[in-house]
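Peer 1: Sequence:
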Amino acid sequence: MAQDLKDTLLLPRTDFPMRASLVHREPARIAHWGKLGLYDAIQRKRASGPAFVLHDGPPFTNGDVHIGTALNKTLKDITNRFKSMRGFRTPYVPGWDCHGLPIEQKVARELQETKQQVSTAELRQRCDDFSESWIAKQTAQFKRLGVLADWPNQYKTKTPAFEGDVLRTFAAFVEKGLIYRSKKPVYWSIPFETALAEAEIEYKDHVSPSIWVKFPVPPAEAGKFGLPSDKPLSIVIWTTTPWTLPANLAIALHPEIAYVVADTGEERLIVAQALLESVRTAAGLAEPAIVTTLTGARLEKLQARHPFIDRASPVVLADYVTTDSGTGCVHTAPGHGQEDYQTGLKYGLEIYCPVADDGRFIDDGRMPADLVGLATLETGEDLAKKRTSPANVAVLKKLAATGTLLAKQSFTHSYPHCWRSKTPIVFRAVDQWFVSLDKSGMRQNALDAIGQVRWVPAWGEARIRGAVESRPDWCISRQRAWGVPIPAFYDAQKNAYLDAGVVRAIADKIAQHGTNLWFNATPAQLLDGVKLPAGWPAPSELVAGRDTLDVWIDSGSTHAATLRHGVGGTRWPADLYLEGSDQHRGWFQSSLWCGVIAHGGAPYRTVLTHGFIVDEDRRKISKSSTYEKPQTSDAYVADYGADVIRLWISSQDFRDDIPISKEILSHVGETYRLFRNTFRFQLSTLFDFDPAVHSVPVAAMDRLDRWVLHETSELLRQCTDAYENYEYHRVYHLCNQFCSVTLSATYHDILKDRLYTLEASHPRRRSSQTAIHHVFTTLVRILAPIVTLTTDEAWSYGTARLEYSMDSVHLQDWPVAPAGWTNAEIEDDFTALLKVRAAVNEAIEPLRAAGRLGKSLDAAVTLTADPTDPVGRILEKYADLLPELFIVSHVSRKTEAKAPAEVRISVNHANELGYVRCPRCWRWVPALASSPHGDVCPRCREALNS
RNA sequence: GGGCUCAUAGCUCAGUUGGUUAGAGCACGCGCUUGAUAAGCGCGGGGUCGAUGGUUCAAGUCCAUCUGGGCCCA
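Just so you know, we're using my numbering here: the first sequence kicks off at -6 and counts up by one.
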């Protein structure tokens, strides 16, 4: 009998599975999108819309997609999908960064391990293959995340056409006269014998010999400067790089700092006054007597002597000298340091660098014979054995022999290392190609362009402004094979020949034949058909340079190689660049310079940055103690599924650091289930609802349903605003709250009675179904950019009642809430009603705890309120709705003068009123009536009779 | 060491121009339900807002310093 009655209820039904099984089911939907040609379908649908171009920053192609890269690509995907639903045409051309040292090094190492010797062309081919293999893997990993893109039009920095555009960008640099050749200290990787970019440097602790060295001042020289000469006098310098002493050409003092001549008894030393005590301690000297005090400026041009080479080391002045450490007298080697170099230029010193490409001292006739050939910095083996370099050892020996070594300690400090070999680098002056950033007002142009761009968050502008202002001239040559060659030629005397027209002609050839042409062809072949500028030797007298361009020129040219050609329907400039905040000094800047120099402006209108992924302790993930497995996108997708990962990404305020942990992901998984069950419940309650046939106009809808439509329009308004402002975490939290509070705990819960027990076509039931249908189609679309796969599945069930359909939620327009949904009066009324509802629940709880009743439907509630009070009036106004709203069986109202907004609530079990329970709808009523299915309440009898 | 930036319940986030006992979801605890059931509902405990010191009648919300993260430099 009970089962018989239950069968008369309109219980929810749907095939939409409760369990997501994302990890197993997602690939099928992604494949379905592939068959559908979803990306192209979306582009076709928006073909006439305004363009929104998000230009993809190319990931480097040397490994699996990192979870941080997954975050970046997903944010781009969310953005594009939202913009597309808003009506924009959103061409998205993905790119790949292919050239560069890490790949070349990896390939070179493999060749080394297998003891293979190959030509440059063969090495480049292997690099190409290596890069290509990762492009295939990364593509699959991005697709697995649900990322939609124009894969057929993807750009790769290694393709001939792209390389041609890189060279055309370079030609613009040459044409503007910004390229110059200069000997300049650069970061130099000894194992790779190449100059390194700033980005290729990492700072690590390094143990160096810390030494105090005496530079003798000859008595005659001391006399000239009014210094006592009756005892040996020396200027004391401090350095942590003894190997640079053979290149010492000067001693830098601060012009305004106070220096002292200190008498130790046997000799006198010149050091900064502020550092005398620390020098004394380091050297273990007795308390010295101060002979005299004077400023650094007084000693300018004093000719001290090099401690072990027969030459002078003059005193020079420099503002960067501090009394933070050392002696205030700075050993200066213009060939081995940026500041030293600047000072050298100022004083006309030679940019002297007696260190060869391999990091060993050269034999230039000036280097002491016992130092020639020694390695200046530690090899990996030296570091493993914790010993200092042979050159350091030998220099220390010479200092000791000449009695100029005042003190020696071990010193651990942060020192630049080659990011690949992990060995310390040298500063070394070598011939390189540079871009002058100050010539022709280029730096100002770049700063002006920054002001034209919208930076999100706003502080990004200060960040890149600082980076652009402080950036030194750009060293763009690399002594590598895997890159775009610099089309410069050299004659027998090593004079360089570089010309914009020639570069463009070579660019055309390379765009056709690839860069291997440069490495394989003779200068005569390369220059065949090219009109040589005046003053150039015949091609037969030239050799082609072997330097390649800094890869930041590659990446800085991506906009030129794609947007300016309109690849995939894009256009220049881009509406949006979206990358990690490290790119203020990286890609944003290289793109800015290339855009400003070659195309007269920034290549982007808006630049959005996100933070970095950290662990639960907010520490960088690579330093995490809970680091268990590779932090790859695939590893996370395999555990949680793409939609949960995407939801996690949306849940975080990505402008700040972005924490990830098992706990966080499991909470996000709960939210995912909430969304999924919300969709499922709504779908299940619409099983007999056809919107085309059963829809109820808003004006005719029940007040509860109009309330939920109002709430939905509010949700839509706020989520749209959040999306527009790139605040996706607000969408997550708004939807979370909406689903759990507004829907699940309130609206859905209240609705069950009418949906299940009323007759199928009862106006109130159809009204609610109409509302649910509206809420569903709105909510699914709001979440579509984020929870892409599940919303697509829900949409398919909702529209076609099928797991897969030819339609997709991603082809829909962004929802619009009709004006009729907004209803301030109902909103106010329900705010008050729901407050009373909460109070009713609170009042029921003690009875439940006492075992007097279980479900709220067993309760009969009495409300006492002041009829003149606003709340009292609302209770009166909604009297017929109250039992349903509170999910109780009976509500009686009493009026009594009370304090404003005060409602007294008393609760009884309905049987205390003599009520009986309807076996069908479970409500307690005064009396049952007979029906073909037995005794039921009058309302159920009516439903059964129809 | 410098520049930029962040710091609110166990977790993720809200907290408008400084003004009532700092909110939400999840998690947690205790119950209810078994007609969303590897679901749903109710109630409850839990932050004094990184620390310190200021400005103010009043500060999570303004200022300074410090501590601890992050990115980028040195």
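Calculated directly from the structure, the hints in this document are not laboratory data.
Be aware that one or more of the hints could be misleading.
[To be verified] Between beta-carbon pairs, the in silico distance windows are:
hint : residue 1 : residue 2 : range
1    : LEU440    : ASP198    : 44 to 52 Å
2    : GLN109    : ASP363    : 32 to 40 Å
3    : ASP650    : GLY42     : 12 to 20 Å
[What the hints assert, rightly or not] Straight-line alpha carbon distances no greater than 30 Å define the calculated BS3-like cross-link-like pairs of lysine-lysine that follow:
hint : residue 1 : residue 2
4    : LYS176    : LYS339
5    : LYS379    : LYS217
6    : LYS339    : LYS99
7    : LYS294    : LYS339
8    : LYS339    : LYS524
9    : LYS401    : LYS197
10   : LYS415    : LYS197
11   : LYS415    : LYS401
12   : LYS38     : LYS176
13   : LYS197    : LYS487
14   : LYS415    : LYS378
15   : LYS379    : LYS401
16   : LYS224    : LYS136
17   : LYS197    : LYS38
18   : LYS197    : LYS99
19   : LYS136    : LYS38
20   : LYS294    : LYS390
21   : LYS391    : LYS432
22   : LYS99     : LYS613
23   : LYS176    : LYS378
24   : LYS379    : LYS391
25   : LYS197    : LYS136
26   : LYS415    : LYS108
27   : LYS745    : LYS887
28   : LYS130    : LYS655
29   : LYS130    : LYS432
30   : LYS379    : LYS390
31   : LYS169    : LYS38
32   : LYS38     : LYS28
33   : LYS197    : LYS(-1)
34   : LYS108    : LYS136
35   : LYS108    : LYS391
36   : LYS28     : LYS130
37   : LYS401    : LYS391
38   : LYS390    : LYS224
39   : LYS613    : LYS197
40   : LYS613    : LYS745
The model shown is predicted, which means the values in this text are computed figures rather than measured ones.
Backbone N, C-alpha and C fix where the C-beta goes; we use that ideal spot for every residue, glycine too.
Peer 1: If a hint holds in the structure, say so; if it doesn't, say that too.
Peer 2: Cross-check of the supplied hints:
{"no.": "1", "hint": "LEU440 / ASP198: 44 to 52 Å", "result": "violated, 36 Å"}
{"no.": "2", "hint": "GLN109 / ASP363: 32 to 40 Å", "result": "holds, 38 Å"}
{"no.": "3", "hint": "ASP650 / GLY42: 12 to 20 Å", "result": "violated, 36 Å"}
{"no.": "4", "hint": "LYS176 / LYS339", "result": "holds, 15 Å"}
{"no.": "5", "hint": "LYS379 / LYS217", "result": "violated, 46 Å"}
{"no.": "6", "hint": "LYS339 / LYS99", "result": "violated, 42 Å"}
{"no.": "7", "hint": "LYS294 / LYS339", "result": "holds, 13 Å"}
{"no.": "8", "hint": "LYS339 / LYS524", "result": "violated, 40 Å"}
{"no.": "9", "hint": "LYS401 / LYS197", "result": "holds, 22 Å"}
{"no.": "10", "hint": "LYS415 / LYS197", "result": "holds, 9 Å"}
{"no.": "11", "hint": "LYS415 / LYS401", "result": "holds, 26 Å"}
{"no.": "12", "hint": "LYS38 / LYS176", "result": "violated, 57 Å"}
{"no.": "13", "hint": "LYS197 / LYS487", "result": "violated, 37 Å"}
{"no.": "14", "hint": "LYS415 / LYS378", "result": "holds, 15 Å"}
{"no.": "15", "hint": "LYS379 / LYS401", "result": "holds, 17 Å"}
{"no.": "16", "hint": "LYS224 / LYS136", "result": "violated, 78 Å"}
{"no.": "17", "hint": "LYS197 / LYS38", "result": "violated, 53 Å"}
{"no.": "18", "hint": "LYS197 / LYS99", "result": "holds, 22 Å"}
{"no.": "19", "hint": "LYS136 / LYS38", "result": "holds, 21 Å"}
{"no.": "20", "hint": "LYS294 / LYS390", "result": "holds, 29 Å"}
{"no.": "21", "hint": "LYS391 / LYS432", "result": "violated, 45 Å"}
{"no.": "22", "hint": "LYS99 / LYS613", "result": "holds, 25 Å"}
{"no.": "23", "hint": "LYS176 / LYS378", "result": "violated, 34 Å"}
{"no.": "24", "hint": "LYS379 / LYS391", "result": "holds, 22 Å"}
{"no.": "25", "hint": "LYS197 / LYS136", "result": "violated, 37 Å"}
{"no.": "26", "hint": "LYS415 / LYS108", "result": "holds, 22 Å"}
{"no.": "27", "hint": "LYS745 / LYS887", "result": "holds, 28 Å"}
{"no.": "28", "hint": "LYS130 / LYS655", "result": "holds, 26 Å"}
{"no.": "29", "hint": "LYS130 / LYS432", "result": "violated, 43 Å"}
{"no.": "30", "hint": "LYS379 / LYS390", "result": "holds, 19 Å"}
{"no.": "31", "hint": "LYS169 / LYS38", "result": "violated, 43 Å"}
{"no.": "32", "hint": "LYS38 / LYS28", "result": "holds, 17 Å"}
{"no.": "33", "hint": "LYS197 / LYS(-1)", "result": "violated, 72 Å"}
{"no.": "34", "hint": "LYS108 / LYS136", "result": "violated, 38 Å"}
{"no.": "35", "hint": "LYS108 / LYS391", "result": "violated, 40 Å"}
{"no.": "36", "hint": "LYS28 / LYS130", "result": "holds, 20 Å"}
{"no.": "37", "hint": "LYS401 / LYS391", "result": "holds, 13 Å"}
{"no.": "38", "hint": "LYS390 / LYS224", "result": "holds, 25 Å"}
{"no.": "39", "hint": "LYS613 / LYS197", "result": "holds, 16 Å"}
{"no.": "40", "hint": "LYS613 / LYS745", "result": "violated, 48 Å"}
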